[in-house]
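Chain by chain, the residues:
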Amino acid sequence: MPDMQPPRTPSPWRAPGLSLRWWPVFLRNLLVWRKLAIPSLVGNIAEPLMWLVAFGYGMGALVGEVQVGGDGGARVPYILFLASGSICMSAMNAASFEALYSAFSRMDVQKTWDSILNTPVALDDVVLAEMLWAAFKALFTATAILAVMLALGISHSPKLFVAWAVLACAGLMFASIALIFNALARGYDFFTYYFTLVLTPMMFLSGVFFPREQLPPVMHALSGWLPLTHAVELVRPLFMDQWPAHPLRHGLGMAVTTAATYWIALALTRRRFAA
Amino acid sequence: MPGNTGTRGLPHNRAMDVLFEASGLRKHYGDATVVDGVSFAIAPGECLGIIGPNGAGKTTTLRMCLGLTTPDGGAIHYQPPGGGPLLHMPQDALAIKAQIGVVTQFDSLDPDFSCEESLRVFGRYFGLGHHTMDERAPRLLEFAALTHKAQAKPGELSGGMRRRLSLARALVNAPRLLLLDEPTTGLDPQARHLMWERLQQLLQTGTSILLTTHFMDEAERLCTRLLVLDQGRTIAQGAPRALIAEHLEPEVVEVYGAGALGLAQEPALQALAARTEVSGDTVFFYTRAAHPLLDALLQRPHLRTLHRPANLEDLFLKLTGRQIREEA
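Those protein sequences? They're chains P and A, same order as listed. For the first sequence, position 92 (counting from the first letter as 1) is numbered 92 according to the working numbering, and the numbering increases by one without interruption. For the second sequence, position 116 (counting from the first letter as 1) is numbered 116 according to the working numbering, and the numbering increases by one without interruption.
Bound conformation, chain P alone (with noise of 0.2 Å):
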């Protein structure tokens, strides 16, 4: 018999495959959710325009004017301040959602990947369709946010356009977060912990509610490191119609952390299809 030479498991590490082949699964995901489009748009906006409208008028009165950047920053009104934080929120929690429960019901529970794996369609192109459609569903909520807060006149700084853009790096970074856990999950059980333990306290460590200055001194160091940190801390200023003071340190902490996280969330879904 010809070519008995066992053929190699390959690594799960191998470099990411990129090909265009992530549309038509990207685009059955749009499918779907055009079908619920407008329920899910209630669900999405609904709850962080709660969050700011108690918060941002009624802890806005109380608080007044925030300090933002340490002493001589700049001082700003607080809802400005919230939603500018609060947005940033809004596209991980979308994001991380997305890439969680809904992915997770693709990939195990209704064995949607299993059947797009019998298809000239590779492991990689279907997480890299999830994590784009996931931090698509980010973008999406995000813009419809940012329209209600113009509605609101929160804000009106031109500067608002790059904040999208970060808004959509944001969402791509939460995602590939979340597919980590999505690969080494066994229920939907395990996404309670990951919200708990990893989505809340970032929440509150990462300056949405409160600027991090306040943070004991070693908690204010690490929180530099958070995902969402970064996120915040390019979204704010521009808020603000001003230019973020550090646009190359956290831009660079966001794309290292797609990558980083992105490459992981593959080789363990690799890992997990292997078997």
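Derived by calculation from the structure, the hints in this document are not laboratory data. A quick note: this is a predicted structure, and the numbers were derived from the prediction, not measured. Check each hint, because a few of them may be wrong.
[Unchecked claim] When the alpha-carbon atoms are kept at most 25 Å apart in a straight line, the in silico BS3-like pairs for lysine-lysine are as follows:
| id | chain 1 | residue 1 | chain 2 | residue 2 |
| --- | --- | --- | --- | --- |
| 1 | P | K35 | P | K111 |
| 2 | A | K153 | P | K111 |
| 3 | P | K111 | A | K149 |
| 4 | A | K318 | P | K35 |
| 5 | A | K149 | P | K159 |
[Claimed, not checked] To spell it out: a stretch of chain A is covered by chain P in this simulated footprint if at least three of its residues, at any positions, have a beta carbon under 8 Å from a beta carbon of chain P; those stretches are:
| id | stretch |
| --- | --- |
| 6 | 65-76 |
| 7 | 90-100 |
| 8 | 113-127 |
Heads up, the beta-carbon is just placed ideally off N, CA and C, and yes, glycines get one too.
Position chain A relative to chain P; hints supplied.
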């Protein structure tokens, strides 16, 4: 093309006839050997059935054929019809999958799509655009007897309809080879017969089929050749009738009822059968000529007898034993 993997190594006529070939497949998980040296070849228009008890290695073999599991040894080739270079699994997985269709054991239909949308979405994975699917989708729905359900979602379909939709979906790329993992498990007799009829149609038009099944009537009806696996090894292979002739006496007399089991110990009866087996409360006499045995059994009118030709199920049980296999 790497090394000696071309068609040169194969006898000329075989290289022409083989569409898909697996040779010496091996797979182990830890210490457990799941597939141990399984080889087979499928010609165009041929239906090869893989049968075996639970845990025999059927599903792992199929997964290796699809490049979803990397074998520890052996090779899998696909020869595109009409020439073209030999394709290898798993290196050329996507090129091979573009030419095959798969129906998995468990439905993986999208609950949110209608039958027609399901086909169109699936076609897109094969790079098939609107124009192609405008023409193919109605034909596939008609083939699956689902034209009247084109706009229905899987939740509104019966089990048989869902299986036929899975089959239609596996046909969007006009595959040369279909891989079917237990295609009729859980279907009622009508739905099974309709499925068989459709699969026969596909075979007649030159599509090849590789299927696993637990139903011996299905294997006998559809398969040109069978591969019997047990504990990862091929324990028999050949055409269904030839296998039965090779391993079994042509006739079987089943006897059951009160006291039937005692018959198996009676020398007078044993002498009339080539082989005697007991399973549950039934005695099976395998014989080349059943009439002397049936005459002897007439003396015991309280027992019920069934005289029938030996079938694939007898073969299967002879080769793999009668004890229950736990789920692997």
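Each hint, compared with the structure:
Only pairs whose Cα atoms come within 25 Å are accepted, and K35(P) paired with K111(P) is accepted, the gap being roughly 20 Å. Note on K153(A) and K111(P): the hinted pairing holds, with a Cα-Cα distance of about 16 Å set against a maximum of 25 Å. Under the criterion of a C-alpha separation no larger than 25 Å, the hint pairing K111(P) with K149(A) is consistent with the structure, at around 23 Å. For the hint pairing K318(A) with K35(P), the CA-to-CA distance comes to about 54 Å; that exceeds 25 Å, so the pair is violated.
For the hint linking K149(A) to K159(P), the alpha-carbon distance of about 51 Å lies beyond 25 Å, and the restraint is violated. Only when three residues or more bring their CB closer than 8 Å to a CB of chain P does the claim for the stretch 65-76 of chain A stand; here the count is 9, and the claim holds. A stretch counts as covered by a chain when three or more of its residues have a beta carbon under 8 Å from one of that chain; for the stretch 90-100 of chain A and chain P the count is 7, and the coverage holds. Under the rule that three or more residues need a Cβ within less than 8 Å of chain P, the assignment of the stretch 113-127 of chain A holds, with 8 such residues.
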